[in-house]
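Peer 1: These protein sequences, in sequence, are chains A and B. In this text, residue positions in the first sequence follow the numbering used here: the first is 1, and each later residue adds one. In this text, residue positions in the second sequence follow the numbering used here: the first is 1001, and each later residue adds one.
Treat each hint with caution, since some may be false.
What the hints assert, rightly or not - Have a look at the derived ranges for each label pair, beta carbon to beta carbon:
| no. | chain 1 | residue 1 | chain 2 | residue 2 | range |
| --- | --- | --- | --- | --- | --- |
| 1 | A | L33 | B | V1200 | 30 to 40 angstroms |
| 2 | B | S1258 | A | N96 | 45 to 55 angstroms |
| 3 | A | G80 | B | R1189 | 21 to 31 angstroms |
| 4 | B | N1196 | A | R98 | 44 to 54 angstroms |
| 5 | B | S1238 | A | E164 | 52 to 62 angstroms |
| 6 | B | G1121 | A | K148 | 25 to 35 angstroms |
| 7 | B | G1121 | A | V57 | 28 to 38 angstroms |
| 8 | A | E133 | B | N1196 | 29 to 39 angstroms |
| 9 | A | N96 | B | R1189 | 35 to 45 angstroms |
| 10 | B | V1200 | A | N96 | 34 to 44 angstroms |
| 11 | A | H134 | B | V1200 | 52 to 62 angstroms |
| 12 | A | R98 | B | K1144 | 57 to 67 angstroms |
| 13 | B | L1114 | A | R98 | 21 to 31 angstroms |
| 14 | A | H134 | B | N1196 | 26 to 36 angstroms |
Think of the hints as simulated: they come from the structure by calculation, not from any bench. In this text the structure is predicted, and so the values were computed from the model without any measurement. Using N, Cα and C, we set each Cβ at its ideal position, and we do this for glycine too.
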Amino acid sequence: MGWWRNFSLSLRVSLMVAMLMIAVAVIASQLVLSALDRQQVARIRELARLHVEALSVALGPFVLRKDVWEVYDTLERAAGASEGRRTVFSAVADRNGRVLAATDPRRAPVDSPISRLANGAQLPGKLQVGNREHNVKLLAPLVYQGRKVGQILTELDISDLVSERREARRLLLLGNAIATGFLVFLGYLATRRMLTPVSRLVSRMRETEGAPRPIPRDEVPEGDGEMARLVNTYNEMVRAIASKADTERRLAERERFVSLGRLSSSLAHEINNPLGGLLNATDTIRKYADRPDVVRQSADLISRGLRHLRDVAKATLDTNRYERTDTPLSPEDFEDLKLLIGPETRLNAQRLTWAVEMDRQDQPALPAAPVRQIVLNLLLNATAAAGKEGRVGLWVATGPESLVIEVSDSGPGLSDSARVRLLESGPVPSNGGVGLRLVRELVTGLHGAITTERRQGMTVIRVTLPVAVRDAAAGESGEC
Amino acid sequence: MGAAAVMAPALPGSAAAPFRLGLTPVFLDNDALVIERLRRALVGALEMPVELEQRRTYKEVTEMLLEGALDAAWLCGYPYLQHEDELSVVAVPLWNGKPLYRSYLIVGNNDDALDLSDLRGGIHAFSDPDSNSGFLVTASDLAKMGLRPDDFFGRTIFTYGHRNVVRAVAAGLVRSGSVDGYVWEALARMEPTLTNGTRVIRRSEWLGFPPVCAHRDRVANPEVQKFSRAVLDFDRTSDGRAALNLLQLDGMTPAYPSLYDGIRRRMRIYAALR
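Here chain A stands alone, though its shape is the one from the complex:
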């Protein structure tokens, strides 16, 4: 029945209506045909009864006298005079079942037992007629003056009645088929028309890529019928979805700023600490301007400090640039992330384990920006979960078909609301931020998968991103 489900609803309903009509037509035809059959069987029974009665009246005295010739002569004349030569064969027996005469004496010789011919014979009152029978055989008692004086066996040709029945059956079926066909066609059109709004709705929903679009007001069915309510409900649903998506988008945006805020305070420390050293170095240069070795040493110190500040600034900038999606992921991105998360872990006196197993030869063909966002959010989540003096870890490995990122922390594990945000696509719970939902959306966008587990007291969030490995060496050799 799989093929049946592939049909559209309107087609299925139309076909079902058609099948229902055909079924009704078949049942109606059957009823009419059986009534016709009953009527004709009654007619044939009446014919048989009259035939036997007429023969009984004509033959009675001869059978009583066992007058072979008169019985034969009467049978012959009756057969010859019967309507349309209906009598095919007749035989009459005496009370002992011995044939007195038959229209075909060779088939039923005088004095032979009539029972020899009675196989398949029926009583006129209980006559049954098959559709393919051309003759019916009757065996009836021959009653004369109120007593049974013999038996009549007769075969009647009913081929005209059977063919009449066949013709009536054919015409009835043909008529019914035409009428049913016409009604089925009308039913199909009416159903299709009634279900047009549903088809349109389905079509709209199918056309929808990303955000569903409402059905224009002029296409909404008139009145307050089910279809109008259905389309209106759909439109309301579309608007609700759009509103929800908008809310989530705004929440994600806010989350980005929240992350940024958290980073900013860390970075303020990161910038503030070297600044003290740098200012000291400038004071030293000013104080010992005549001592070149001190000046050089201080200049080196200033240079290292400024470089560090430049790296921090660059990492922050790169992390927050969404538009740089076309830049491929490289080991440097993880170095940037380490630089960014470093102050946070140091602030919390946490132990950071960092292992990035990615070399320049098999860099995964993944965009850097979303991966950086994913890892940064997971690391921020981990540092928050791990608490003071906790443990946070990152393990990145490039497989043949995927990039695997594992972020672990020694925190108590994911709360239910965090799990919903990270692993499910349902509505975002009202409590908590949307950083983990942002992770989920980014991973889904990259066709990846997220799993979580507890491993040796650590909460491990594992992100698997499918990749096509970019052959960096080949790319470089191509440039030569």
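We have chain A already, so just place chain B on it with the hints.
Peer 2: Same frame as chain A, but now just chain B:
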């Protein structure tokens, strides 16, 4: 079997009464054309109304003639001889130029019987118990063998008509039949499909043809005399010839004394056994 020509009933011999002729099924029974032609020929010759009376059996016609209900009747030689002292032959038909005919013993054309003796135990059809060719000939042949028909045949039936005997044999209702040879030959020309279903296995000697008789007491009556002359002159009138042609006869002739000796002999043989 009623009156062939519907006339006002009247006593025979009275001035207004029609001439009443009885007919046995000696020839082609129920042949309306033959009866009409015969009636027309008689009306023309007698110049008076004529009624042709048919009955199913020879016995009925003979009794009507004996009772005076008929002026004349076409009987068979056997009933004539049974009542020879009361009846007189008015005329005898000529068939093939002679007042003679034969009895045929017939079987179905697929039957392998060759003679009467081969038919033992079978069903046999006689025409009439008072018919010479349709009963007496075969019965007397069996009497010569010391047998009665019911002893020799498994079953015998009477069809009361020579044509019916042919029908019964041809249809296979009976195995064999005793039939008037003149009727069989006439049927062979008129209804060959009927006689083709039969085969003649025995022909009797020539015997006196069924005669037209009148009661001895009335034979001198003018109507009977006129009738006698009319039938004897059939071959000389157009209506008479037409009737004779249909009957496949040549004419009528007065009987001669020994004409029915053959039948008389057979009657004696049969009576001896009875």
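Peer 1: Does each hint fit the structure? Answer for all of them.
Peer 2: Verification of the hints:
At roughly 59 angstroms, the beta-carbon separation of L33 of chain A and V1200 of chain B lies outside the given 30 to 40 angstroms, and the hint is violated. Here the CB-CB span from S1258 of chain B to N96 of chain A is close to 50 angstroms, well matched to the stated 45 to 55 angstroms. Restraint check, G80 of chain A to R1189 of chain B: a C-beta distance of roughly 23 angstroms satisfies the suggested window 21 to 31 angstroms. At about 30 angstroms, the beta-carbon gap between N1196 of chain B and R98 of chain A misses the expected band of 44 to 54 angstroms.
For the hinted restraint 52 to 62 angstroms between S1238 of chain B and E164 of chain A, the CB-CB distance of approximately 54 angstroms keeps it satisfied. About 30 angstroms separates the C-beta atoms of G1121 of chain B and K148 of chain A, a value consistent with the hinted range of 25 to 35 angstroms. Checked against the hint of 28 to 38 angstroms, the C-beta distance between G1121 of chain B and V57 of chain A comes to roughly 34 angstroms, which is consistent with it. Range check, E133 of chain A to N1196 of chain B: about 34 angstroms between beta-carbon atoms, so the 29 to 39 angstroms window is met.
In this structure the supplied range 35 to 45 angstroms holds for N96 of chain A paired with R1189 of chain B, their Cβ-Cβ distance being about 42 angstroms. Hint check: V1200 of chain B to N96 of chain A, Cβ distance near 35 angstroms, so the stated range 34 to 44 angstroms holds. At about 39 angstroms, the beta-carbon gap between H134 of chain A and V1200 of chain B misses the expected band of 52 to 62 angstroms. R98 of chain A and K1144 of chain B have their C-beta atoms about 32 angstroms apart, which leaves the hinted 57 to 67 angstroms range violated.
For the pair L1114 of chain B and R98 of chain A, the beta carbons lie near 29 angstroms from each other, so the given range of 21 to 31 angstroms is met. Take H134 of chain A and N1196 of chain B: their Cβ atoms lie about 30 angstroms apart, and the range 26 to 36 angstroms holds.
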